[in-house]
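Novice: Now for the letters of each chain:
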Amino acid sequence: MPDQSPRAQLSRRQLLKRAGLVGAAAIATPIGTLVPSPSVAQSPAQAQGAIGRGQALETLTAVEAETLQAITARLIPSDANGPGALEAQAAGYIDRALGGALASSHDAYRSGLAAVDAYARAAKGKPFATLSAADQDAVLRDMEANVASGFVPDASTFFNLVRAHTIQGTFCDPYYGGNVDFVGWDLIGYPGVRLAVTPNEQRMDPKLTPTHRSAYENAMFSRKRPGRASREDEMVRWPRT
Amino acid sequence: MATNLTKTDVVIVGLGAVGGVAALPLARAGLRVVGLEAGGWLNPDDFAPDELRNNVRGWPQAVQKANREIPTHRPHASAPYSPRPAIHPMMNAVGGTSLHYWAQSWRLNPWDFKVVSETTRRYGAARIPRGSTVEDWPFGLEDLEPYYEVVENEIGVSGKAGNLNGKIDRGGNIFEGPRKHEYPMPPLRATGFTDMMAGAARTLGWHPFPGPAAINSRTYQNRVGCAYHGYCNRGGCHVKAKGSTAVTTIPKAQQTGRLEVVTQAITTAINVDASGRVTGVTYLKDGTEYFQPADVVLLAAYVYENVRILLLSTSRAFPNGLSNRHGQVGRHYFSHNQGAAVTALFPRDINNWYGLPAQGVAVDNWADDNFDHSQLDFIGGGNLWVYSDRRPIGAANMTTFGRAPRWGSEWKAFIKRNADRWNTAYLQKTTLPYEDNYLDLDPTIKDPLGFPVCRITADYKDNERKVATFIQDKMVEWFMAAGALATEKVPIGTMGPTTHAYGGTRMGDNPETNVVNRWGFSHEVPNLGILGASVMGTSGARNPTLTAQALAWRTADHLAKNWKTIAD
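Keeping their order, the protein sequence lines are chains A and B. Once you know that position 240 of the first sequence is 240 in the working numbering, the rest is easy, because the numbers rise by one and skip nothing. In short: position in the second sequence from 1, add 1000, done, that's the working numbering.
Keep in mind that the hints were calculated from the coordinates and are not lab data. Every value quoted in this text rests on a predicted model; they were computed, and no experiment measured them. Worth double-checking, as some hints may not be accurate.
[Stated by the list, open to error] Here are the simulated lysine to any residue pairs, SDA-like style, with alpha carbons at most 20 Å apart: (1) Lys207/A - Asp1349/B; (2) Lys207/A - Arg1417/B; (3) Lys207/A - Arg1348/B; (4) Lys1416/B - Leu208/A; (5) Lys207/A - Asp1143/B.
Take the sequences, apply the hints, and build the full model.
Specialist: Dropping the structure here:
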């Protein structure tokens, strides 16, 4: 089991940056371990890609994952206010969800992440993931302001998509692969899932201890976890005639 | 060719908030009822406290029949279509949207039944907005009061009366019409935040009170009290404290042995004979087409689907759709003026992490005609509602009030500090029907079975926009009185598909302008009743469900008492 502490992840990531390991040539994405996924046909580069706790990439290529992870790390940075999207493994959440509930966004990620890199090369001379934090922020600002070119339909649409999914991946129930170690919930002071809440817990300044439990750690829900695929949840199937 | 089933007395299309209520008085009266429901049964362990699933991805709505038939919307007949939402606001299941609704269970105020006559009396007929088709209801609050009461008792509503037989109690809503009895349960608990807001309202001279909710505040009819866990909003109840019809009136009706619940049944048509009387309902289940004959059909499929099923049920007797000889099906449509909220930023944590949208404090001073409109240029008003409800993804998506960027370290510092320091008020405002706001069938967009979806042509008019501006100012005043640092007004938005839709099969004595009579039965088809907010001609400043449920009970009760006249 590799060291998964935020510091270790950050330092490895920075190490890779300094070493200039980029794109498909990288031996792995900056964090995580190499776990080929046998169930998905992948190129060698894809098979090496990994985001998060030793989990193989499910939908993105290693290059895409590296770019995405770098974006999320700037949207919700690790800083003096504590861990961010990187430690929450928001990119891993997105990678997994793109094979399920967010499948309709997979094409947008494919073309959007390629466009981010293309724009980064054009504007700053290097792929996004290898840029300095300041240059990465400049690229993201251009996307947010919709002045970055090469995006379909446009840069701000993709920016807003990634921002929304990064927030989901940082603040969702950890069941979905994000908010790892509850770093998102701790950041904003959410005291966690409680199945019953007392009157005192609804007064001002209640001094609540975070529960640090997934909803699905409660026995009553563990049997009915949402499926990983988008349609596994379905209770009603459209009748075929 | 459809498989013919054994004839029943009554078939109800849709076992949701209203169909699920109507089944009970019918079954108790000895009638055999078949309830057709497009969804299935859900249980407490289906309702995990999971924000991503419930609130972001829209489960349980997202996987439903309704989601394949989301209405289209355009503001007016020559305007381009609005973007179609990905998720239908309503859901299919036994209990319908009462499974995951907020469960605010309001009675309308007396004025809501008499908008035309009261406005004319007090301010003159010229004050009815131009182009509005609003009519007085065919009866007043006092006629509906007994039905409100029976539904409040059957589904279990908590609250505090403000007017008991004319005696005003300042603990409740002093503007409400007279009630015969107190609510069956006391209100849901107050929180530190709602106490703070109530205090601020009093400093303004307003009259705050706890709102009514179809949620147990204590054990009631063998169901436990609310757990206040924070996932009630668009999530079902894991302890059955929410008085969904799936855990109240439907099981009670089943206990009589006379309600047969048919799940996964997609109604495609209401059938009529040559004389124009309804003969039953055609539905699909598991790929097979069935015909369920019945003496009486009650249509209870929500506003959009009620209208769509009627318009799709064409016949020789009704070539333009069932009960539509006067072209009134789809008219007098309005969707509640629910937009135009106000969000406030406070200087301290307000502990909104737990609770539910029905756990709040209301102010009715600026609703309906509870204040003098002589010097104003609109009629009606809004109910101000603040409540305790917050989940982490929603908290992180808070507005930054122009004080921080939308991402990066500065944003992160902002949400770390302020995630529990903001609150958005829910402002429900008077909405009127207009000549050019209506529902019909979309000419091009179809559901997977090939039937056209419902098309909404509707936009807010001057009166609605003026009410919104006025009410937002009042809400800002309230938040600032409570010590808010800043407020932000949310735009009014469009009139696309909503959980608060009204009209389309309006109730009234005049068959030229209304689809159903004062009892909820079609003016043109004597053995067809229509249930739901589609019969309502005004919105009030309130959630519609309890009124729609009281009307449903009333229609069912009328049917049971006049069975021979209506069924034969």
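Novice: Take a quick look at whether Lys1416/B and Leu208/A sit within 20 Å of each other, Cα to Cα.
Specialist: holds (16 Å)
Novice: Given the proposed pairing of Lys207/A with Arg1417/B, does the C-alpha separation stay at or below 20 Å?
Specialist: holds (16 Å)
Novice: Assess, step by step, whether the Cα of Lys207/A is no farther than 20 Å from the Cα of Asp1143/B, and give holds or violated.
Specialist: violated (50 Å)
Novice: Lys207/A and Asp1349/B were given as a pair; does the straight-line alpha-carbon distance stay at or below 20 Å?
Specialist: holds (11 Å)
Novice: For the pair we were handed, Lys207/A and Arg1348/B, check the Cα-Cα distance against 20 Å.
Specialist: This hinted pair holds, its Cα atoms lying about 14 Å apart.
The structure is inconsistent with hint 5 alone, although it conforms to all the rest.
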